[in-house]
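K.L.:
With chain P's structure known, arrange chain H on it following the hints.
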Amino acid sequence: MTPERPGSSSASITLEEELLRLLARQGRRVPLPVFLASCVIAALALDKVPTWVLAGWLVLVAVVLAIRWTVLGRLPQLERFSVRERLKIAALLSAVNGVTHGLSLAFFPFIPPFERALQSMLLISACAGSVATTAGYMPIFLAYLVPTLGSLIVLWAWNPGIADPGWIEYSTSGLMVLLGAVFVALARDSFRLFRESFEIRLQQSGLNRQLAAALEDAEAANRAKTRFLAAASHDLRQPTHTLSIFGAALSMRTLDESSREIVRHMNTAVQALASQLDALLDISKLDAGVVRVNRAPVALRGFLERLYEELKPAAQQKGLAATFECPQDGMVEIDPMLLERILRNLLDNAVKYTESGEVRLEARRQNGSFMVSVADTGRGIPEAEQARVFEEFYQLENPERDRTRGLGLGLAIVKRLAHLLGLQLEMVSAPGEGTRFTIAVPAALHRLQPPPSASLSRPAFNSLHVLVVDDEAEIRLAMKTLLEGLGCRATLAEGTEQALAAARAARPDLMLVDLRLRDVDNGIATVRAVREIHPHVPALLISGDIATERLREAEEAGIALLHKPVPAETLRRAIAEAVAQ
Amino acid sequence: MAGLRILLVDDHTLFREGLRHLLTAIDERVRMEGVPGCTEALERLSTTAYDLVLLDFKMPGLQGVEALATLRSAAPSTPVVVLSGEDDARIVHAAIECGAMGFIPKSSTSEVLIQAMRLVLAHGVYLPPAVLESGPGARAPLPPVEAPGAPLPGLTPRQMDVLRCVLKGKPNKIVARELNVSEATVKTHLTAVFDALGVRNRTEAVYAAAKLGLRIA
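Going line by line, the protein sequences match chains P and H. Mapping of the first sequence onto the numbering used here: residues 7 to 587, in sequence order. Mapping of the second sequence onto the numbering used here: residues 36 to 252, in sequence order.
Hints listed in this document are in silico derivations from the structure and should not be mistaken for laboratory results. Keep in mind it's a predicted model, so treat the numbers as computed, not measured. Don't take each hint at face value.
[As the list claims (entries may be wrong)] Cross-link-like lysine-lysine pairs, in silico, DSS-like; alpha carbons within 27 Å at most:
id, chain 1, residue 1, chain 2, residue 2
1, P, Lys421, P, Lys231
2, P, Lys421, P, Lys291
3, H, Lys222, P, Lys570
4, P, Lys318, P, Lys421
5, H, Lys208, P, Lys486
6, P, Lys486, H, Lys222
7, H, Lys208, P, Lys570
8, P, Lys318, H, Lys246
9, P, Lys358, P, Lys421
[What the hints assert, rightly or not] Here's a subset of chain H near chain P, in silico, CB distances under 7 Å, partners left out:
id, residue
10, Phe50
11, Ala104
12, Asn236
[To be verified] Covered stretches of chain H, as calculated for chain P (at least 3 residues, CB under 8 Å):
id, stretch
13, 54-61
14, 105-113
15, 133-147
No residue lacks a Cβ here, since even glycine has one placed at the ideal position from N, Cα and C.
So that you can see chain H by itself, here it is in the shape it has in the complex:
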């Protein structure tokens, strides 16, 4: 089975090299391509399909939430995980709101970086633990989960599929197309899913998924 195809967008050449080493050390099948900025990223995205985009927030030119939004528009089916020197809860929140599927602070220790990358490569949702407590929906009780990747109790496999797509940041229209249902059906499923998670929207669902250790694929 082929490994994940990952696009890393980061202006720091050495960092790109370092991350490539780390990713292949975790899973040698991973194929990582690095580009220094959004312009190059958009070019690559227009010709190649990636399983995941890792986006550095602080770059010259188009950066931060604008860069994230641009990449999301260009490739709405490709999940984006943000890498950033900052781990400010507000920035994390903004990134998730804008469609990111996870957030990895660059300032984490080596051990935490390994953990985070492992989780992301295993299709999990990583958010810095500090932020999980103060995130939206933090006070709501979480449903019990048997094992990572197991469906939530009370949800059909179909609904779990919808949840996974939405966590990846796909807009409803694309979810509808991929699962071959109408958008209205997607919305209905989402209502059930959000209720089951005890959340009000996708952002809160991402935080809940991170806490629960849900797997996205």
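Only chain P is shown next, with the shape it has when bound in the complex:
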């Protein structure tokens, strides 16, 4: 229990302060039942003891309960007293309460045995209850227990007003002593439990804070990684682009034979450099987990055909046959760029490692997927090497590490991409028999071939109410036509005033506002004004103005900005995005 200065924040609350809060809560719960019990006790002695005495006692009980109710309730806030002092006040109140209730035993000699038993029961229940209401905190608990139970014990042993007390009275007194001991043990346990639960909670909130900090660190590191890779991608590639362009310029000039050959080799080298750089950057991005997967339905045949068109000349150059087979209409659900990357790497490898025969690209439907495979009649991969080919920088039969044969990252990238896309990749190979890679691509769930005649007049929105604000009448009308073509309902306004009037009449689903309006009026002001009546209405600003202050204003206002001229498709998409948020 670390004593801390009063008034510390709830993050570093102490056990004592927690105890005070519990006492406050219980202090408010207890008065009514206790008062009712006291009334019963008073009623028991009604004919035996003068009414004014009983009434006076009840009033005393009520007053003490009321004082306890108020003071205990306020104790957690009374910070000008130290915590220790406040606990002493609570103990004092407990003692006063105990004495008040114990006073009821003054009626004891005058009431018959049955009533005495009843009164004892009520007092003992009150003692049992105080184990909970004090959380078993010894000073406060004992302050109540001693006056009440103590008096009970004494009176049952002494028995004033009873002619001949027998073994019942004495054994009752004895039992009450035992009961007292039991209550004290219960109280001790109860407080231990209270303290332990408090300490666990403290520990947990400490751990939570650490976890939150660790999470923030991890996210910051991730962002830093992405920024670094993006910068590296750009900066590392710049010189290679420049080399390409100068190589191109040089190759256009009239050169003698050897110069032309030199230029050719330089261009080849630059290309090799560029593609290896790309491979390294790709692996880095994949490892950093910054590659995003965008799945979409893709027509398989057209997609593979394009790869086949690339394969043909490369194969022809080496005197290889290139074959292609794919079902006529098949739709798959995949990220086309990433799948293309996988297949291109596999096809490049196939051509690279095949000296004669053919390279085959085929797809075949199997249950809910299409099995796309790249097969070659190359030299094959011995079983011992089959696991290793997917390793970074590992190449079969390139002991001189001849760099024109790549870095050996192709299959490493393929493996990571397949994993990222959640696709099964299978390899079957044997020396002298060639190699076959098969990848299972999930079929798209529904065919999404839009008919070529589908036009933008297909309504994209269902009566979306758009408030158009522009100071030029022609533009307002043109926008209205466009929006109605998209299935929206348009309300027109010239400036902020009219926009507010329209917004009051009916809440718009979206505002489409020109940035520059008449005189000093401007689009941002309009959006803000309408949002005072209808908060959270999505808004799009349109601007023909190229000044960067306008862009910054829009950015600061947190409203998306579209530049004139806005193509219809861009507008449709911007509206869809704005409304979806």
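P.N.:
Same frame as chain P, but now just chain H:
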């Protein structure tokens, strides 16, 4: 006949020099001016008329689609072709959507760069072949075309003019002004043109033009 007047916007000085060499090697009449960024580009555009703007996408300051949109607003009659280190199909699509007339990946081989520049200088639409297959309207059948620059069958010369202007990225208002017709007429012509190409909008028309080898002038 004077050669094309080209404005190259690219922050990499050496690259600008290299491209100048390449362009003059392809056509020695070409006059290319290079600026390092959008701010300088806007200044030049406000005082000089160019036949073409070549815009690098990755630059410090205003870049990417925002830079493209800004330049388009400043000079809506001047076509812009984007140069970029990235050849991501999505980026290409975004550029065309925003009004670019072509896209040349810097990562292309020297031979491809020469081809692409040649095509652009001959008023063609260049898009990286990889992207053509996955572009919008990729699956629609294309109309047959006799020769590059020849009008599409079924379209009047007027309609071809409208198509060429729109491919260059000119907004309807400016097309109407240049051809001396009303905007409504422009829109009607466009509907016919898009139908003939089997496309729904300008972006798809650009992709179709690239595939067909249409000439813009």
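K.L.:
For each hint given before, does the structure comply? Return the numbers of the non-compliant ones in rising order.
P.N.:
Result: no hint breaks.
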